[in-house]
Amino acid sequence: MSKQTKLTVSASPHIVSPVTTSSIMFDVIIALLPACFGGVYFFGFRSAVLILCSVLFCVLAEAVYNKLTKKPQTVGDLSAVVTGILLALNVPVTLPIWMLAVGCLFAIIIVKQLFGGLGCNFVNPALAGRAFMLASWAGAMTTFVKPFADISLFFPAADTVSTATPLATLKLGSVEGLSIVSAFFGNTGGCIGETSALLILAGAAYLLIKKVISWRIPVCYLATFALLTFLFGKSQFDWNYTLLSLLTGGLLFGAFFMATDYTTTPSTPRGKLIFGIGCGILTFVIRRFGGYPEGVSYSILLMNVAAPLIEKATVPKVFGEVRAK
Amino acid sequence: MLKTFRGGVHLSDRKEATCHKAIEYSDGCDVHTLYLQQHIGAPLTPCVKRGDHVNYCQKIADSEAYVSVPLHSSVSGTVLAVEDRLNPMGQMASAIIIENDYKFTTDPSIAPYPHVDRMKQEEILKAIREAGIVGMGGAGFPTHVKLSPGKERPIDYLIINGAECEPYLTSDHRVMIEKNEDVLYGSHALMRLLNLNDVYIGIENNKRDAIDVLRSVSSQYKGIHIVPLKTKYPQGSEKQIIYAVCGRKVPPGKLPADIGVLVTNIDTVTQISYALKTGKPLVKRVVTVAGDAVKEAKNLMVPLGMSFEEVFRAAGGFVSPPSKIINGGPMMGFGQFSTDVCVTKGTSALLALTQKEAMFFNETPCINCGRCVEACPMRLMPNILRRAAGERDYETCKKYHILDCFSCGTCSYICPARRHLSQYIRDAKQTIQAQEKAQKAKQQEGGK
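If you read the protein sequences in the order shown, they are chains A and B.
Going by numbering that gives the first Met the number 0, the first sequence opens with residue 0, and the numbers climb by one from there.
Going by numbering that gives the first Met the number 0, the second sequence opens with residue 0, and the numbers climb by one from there.
Derived from the structure by calculation, the hints contain no laboratory data.
No false leads were mixed into what you were given.
Quick list of in silico lysine-lysine cross-link-like pairs, DSS-like style, CA-CA up to 27 Å:
(1) A:316 x B:398
(2) B:248 x B:398
(3) B:2 x A:316
(4) A:209 x B:14
(5) B:248 x A:316
(6) B:355 x A:5
(7) A:210 x B:14
(8) B:248 x B:150
(9) B:397 x B:441
(10) B:398 x B:439
(11) B:2 x A:209
(12) B:397 x A:311
(13) A:316 x B:397
(14) B:125 x B:276
(15) B:355 x A:209
(16) B:20 x B:294
(17) A:316 x B:253
(18) A:209 x B:229
(19) A:210 x B:355
(20) B:398 x A:311
(21) B:229 x A:316
(22) B:2 x A:210
(23) B:276 x B:221
(24) B:294 x A:5
(25) A:233 x A:170
(26) B:125 x B:145
(27) B:229 x A:210
(28) B:119 x B:276
(29) B:14 x B:294
(30) A:311 x B:248
(31) B:2 x B:221
Working from the sequences, and respecting the hints, build out all of it.
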């Protein structure tokens, strides 16, 4: 060998899997696209504007923060894009853009970057951003319009007639005027990305097939919630009511896209099961006994905080180990 | 359902370049360097000196110690020196340097043994030791020691490891096809040695041809079973193959012999067979030469002590400048900074990888995805171990069972954040082991 050839010497292993953090984030973006298009289809062009603005705000916030604090630029990992999309899909189409911008800043700067950036935040940034907006502008965040309403780009609140969401009806223990078919396809009032179960499931299937997420959290979450609702819901032993509770609100979206966030959930297989069950119980309790029709965001946020404890309690048994009782 | 273990990872096996090519034979190079320490155990004393003429297969170093095996000359020729040379572990180690006269004059002491059925068990063990046979998988533990675990640990299950789960490597694969008779005779010898009626040869299912060949000829002997295994890394790891084949779990800190199991590498078995049939010791081995930087990837039977440089030349040299030279497989092998080191009993492969094949990545933040936790074949938590190792928090490392890690590299391979998990864990593990050793020595001193 010629003397000029330089050999790299490093410890094994010498090969790595093609899956990277940014390829995972890219897969999540692809999985969110059906819900995005659904939002635009049902709630009009303004949805697209909100989604794009949200992504822009999030990416800019992270880029500027890194620049100002002289940290390495990390927007290439695409996690800010994912946060942006998630946040936009969780607001009503009539939300003023400046409110969304504040939510994005809160999510990226306060929740994520101040704690050390990707992998260091202890709650899901998009959910925390949404909770922040809900606490700040409860009216604007819960003004829902009927699908296919004509919404002006700049003064959305001026010319809309708000509608009751299916959740508000279910809260009363009634299924009157609610249709499983429209809840499944998404033809009901709600946040931009949460109304169509079909499109959310399409994205979820993609994530499961690509092994980006495991079945553990979403299946445990949904199964626990469904079981509790069926047994102890406002309308007991009612298949129709249980199914509608599953399909409406942010439950499916939360179970597949929010509760599966890696950083804020346990990394152990058994921990994931417990996390999902915990989310299911909390969502049921909030929806059934709380004063608030939705419960997904707060359930997941609460479980996020408990995740490190769950992880510690579910350390797998070493191969071959016989654990002393 | 194919047998396997839980966890692990599906790698692209990259074996296509060499798995269909017959083994080629090399006469070695002009100068052979035989390191004295090619086994785990007591160091050897050379029994030749500078200027001596040595024959092919002549014993050139030995030790009185039980845990050691002798070393034999892989060529015939003149001893040029007995001095320190760079070894594949990056250390200077004493070696016997022999000039090859390419005559391969066999030592007159070499004579075949009778059929194993007519040999006593001690005779078989002695023959294995005298042939200098060590575990060919890379660890280099003397085989005769492994094969005599003692009366208190009776062996009732014998497994021959033909999994060969590392990417690129096909030397065991070719040996199983081309030397199937040796595989069977060697297995038969081990059964006789251990008083067993059955032996199980575990082979990953990506080597269908090897499975078929061995199945078709195994009927000549009684009790030889071929067990196809799922193709998954690290299927060839001792504890994992034991679980896959017989469902037993080796407890942490224990040896397979403690649960009555013994595992040997397939190439060790063929070397045993060869030694018994011909009387010739372990002086050559099959090395897979592969990687995109190599011109003609192939399996080469090389005499021990041939320099890496010459082995690559025998494979047509390099088509592009290699970015990494690896002694062994890409998952557990050792990166080399020089090709001026030589083939040992444990050299299963020499890989010359291009920059594209072996990229070096900087770490990015852990996103806690849990892939490493799901994939770890020992069910450890590499994410937590890496964090603790980085902070030199050795107490946490021990609490999370760092000593059970066997550095298979699965976690580093699968990490999307490119964290150097396996590397940090290995470093911390070595530090902890050194600390414990020092502590023990201190205690013993205090006890005196």
